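Peer 1: Following the hints, position chain C against chain H.
Respectively, the protein sequence lines represent chains H and C. Position one of the first sequence corresponds to residue -18 (the numbering used here), numbered consecutively onward. Position one of the second sequence corresponds to residue -18 (the numbering used here), numbered consecutively onward.
Bear in mind the hints are in silico, worked out from the structure with no lab data behind them. Keep in mind that a hint or two might mislead.
Copies of the same chain are indistinguishable here, so a pair counts whether it falls within one copy or spans any two.
Said to hold, decoys possible - Below are the SDA-like pairs computed for lysine to any residue, each with C-alpha atoms no more than 25 Å apart in a straight line:
(1) Lys166 - Ala54
(2) Lys(-10) - Gly71
(3) Lys9 - Arg(-11)
(4) Lys38 - Glu(-3)
(5) Lys181 - Asp148
(6) Lys161 - Thr179
Please read all numbers here as calculations on a predicted model, not as lab measurements.
2 protein chains.
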Amino acid sequence: MSIVTIQRKVLEKNDEIARRNRERFSQKGTFVINLVSSPGSGKTSVLERTLEYFEGKVRLAVIEGDVQTDLDAQRIARYHVPVVQIVTNGGCHLEAKLVEDALTNVDLRGVRLLVIENVGNLVCPSNYDLGEAMKVVVASTTEGDDKPLKYPGMFLHSSALIINKTDLLPYVSCSLEVLKGNALKINPALKVFEMSCTTKVGVPEWCRWLEEHLSG
Amino acid sequence: MSIVTIQRKVLEKNDEIARRNRERFSQKGTFVINLVSSPGSGKTSVLERTLEYFEGKVRLAVIEGDVQTDLDAQRIARYHVPVVQIVTNGGCHLEAKLVEDALTNVDLRGVRLLVIENVGNLVCPSNYDLGEAMKVVVASTTEGDDKPLKYPGMFLHSSALIINKTDLLPYVSCSLEVLKGNALKINPALKVFEMSCTTKVGVPEWCRWLEEHLSG
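Next up, chain H with everything else stripped away, as it sits in the complex:
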């Protein structure tokens, strides 16, 4: 049995569980996003701004994925939403089974939006369906404008791109136009948002777009 076969079987098994998760989300009327990016792009900050926007309006829940620590879950718990931390213990991405297990600790009744924050990794999580409605990739201006070309898989598998840290544009060597152009070259269907989690510019546009996807 070759490694390629093993890998295919792992992905098939993952897809089967992802289908189960997706069915469950659909039954509960929960819209699910899988938030992906490099380490330090600002996934947790985007999530914090999103939680602030929806506070008192929409019921949310969060699943945090990290290689180690529950630092992100601690940050999110301050917003008084249900949050479960998955620690992968060295694992480089979340898998559908980890999410299924985490769901035993989340009451989805009335939850209209579930955000799964993946491990910070611009390569591996792109291959693993968790049962989400869509992947949203965060890329920060400080990472440079060539990342979509160098890590195309993640941009190809995402429905939306949040370009974060636009407040740092004056200080870094990154062209917003080149970054957007490169992302759309990889995936012309990407919905692109420009955002600064520090100044909050762009947060309402992103949240209103997200809101349109939530069911009554």
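Peer 2: Positioned in the frame of chain H, the structure of chain C alone reads:
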């Protein structure tokens, strides 16, 4: 045969080839560093500043690893050093075999320093020995000061840490002291450098330290 066994066999095979690479480097008197970080931390910029420092003093060669594109090799070629690009085609890390294959295109005679720039990924490359003398991890201030705790493997397996983008400290939520403290908590033996590839602050300290490791 379980997946864990497959994974162990992959790593054993990798270690065997890494030993072969290491022997070859030793015979040629070539010191080898494996440069690792998240995407966009500035590995290529650190490499560019390093090439500038050693220009005309020390013979260098470079192996570039990327998921896609030869953009980094193009950047490095401007410095008139031998450079080979490895494209992993979706692979999330370099392996010893890829480096061994790339070496057929590098004449190591007289090369005292070989820099292997790994795929941008703070998780997966930490497990793969390429035959290097040491791993050097780059972490940028824009990624935040909690990264060593959240991605401990890479900091544990590295000999040196370059904290890059210190020029952006006034604009980001990152404490240099906390970042250093977290890194040293994971690996007290880490040699830490503070650097800005934009202002070039810290470049000479890093390069002089590296120079001490090169053989006659």
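Peer 1: It remains to establish, for every hint, whether it holds in the given structure.
Peer 2: To see whether the hints hold, each was checked on the structure:
Proximity of Lys166 to Ala54 under the C-alpha cut-off of 25 Å is restricted to the inter-copy arrangement: shortest distance 21 Å between copies versus 35 Å within a copy. For a Cα distance limit of 25 Å, the shortest separation of Lys(-10) from Gly71 qualifies both inside one copy, at 21 Å, and across copies, at 18 Å. Proximity of Lys9 to Arg(-11) under the C-alpha cut-off of 25 Å is found in neither arrangement, the shortest distances being 30 Å within a copy and 41 Å between copies. For the homomeric pair Lys38 and Glu(-3), neither the shortest alpha-carbon distance inside one copy (33 Å) nor that between copies (58 Å) is at most 25 Å.
Taking the closest pair of Cα atoms, Lys181 and Asp148 come within 25 Å of each other both inside a single copy (10 Å) and across two copies (23 Å). Taking the closest pair of Cα atoms, Lys161 and Thr179 come within 25 Å of each other both inside a single copy (21 Å) and across two copies (24 Å).
Checked against the numbered hints above, the structure breaks hints 3, 4 and satisfies the rest.
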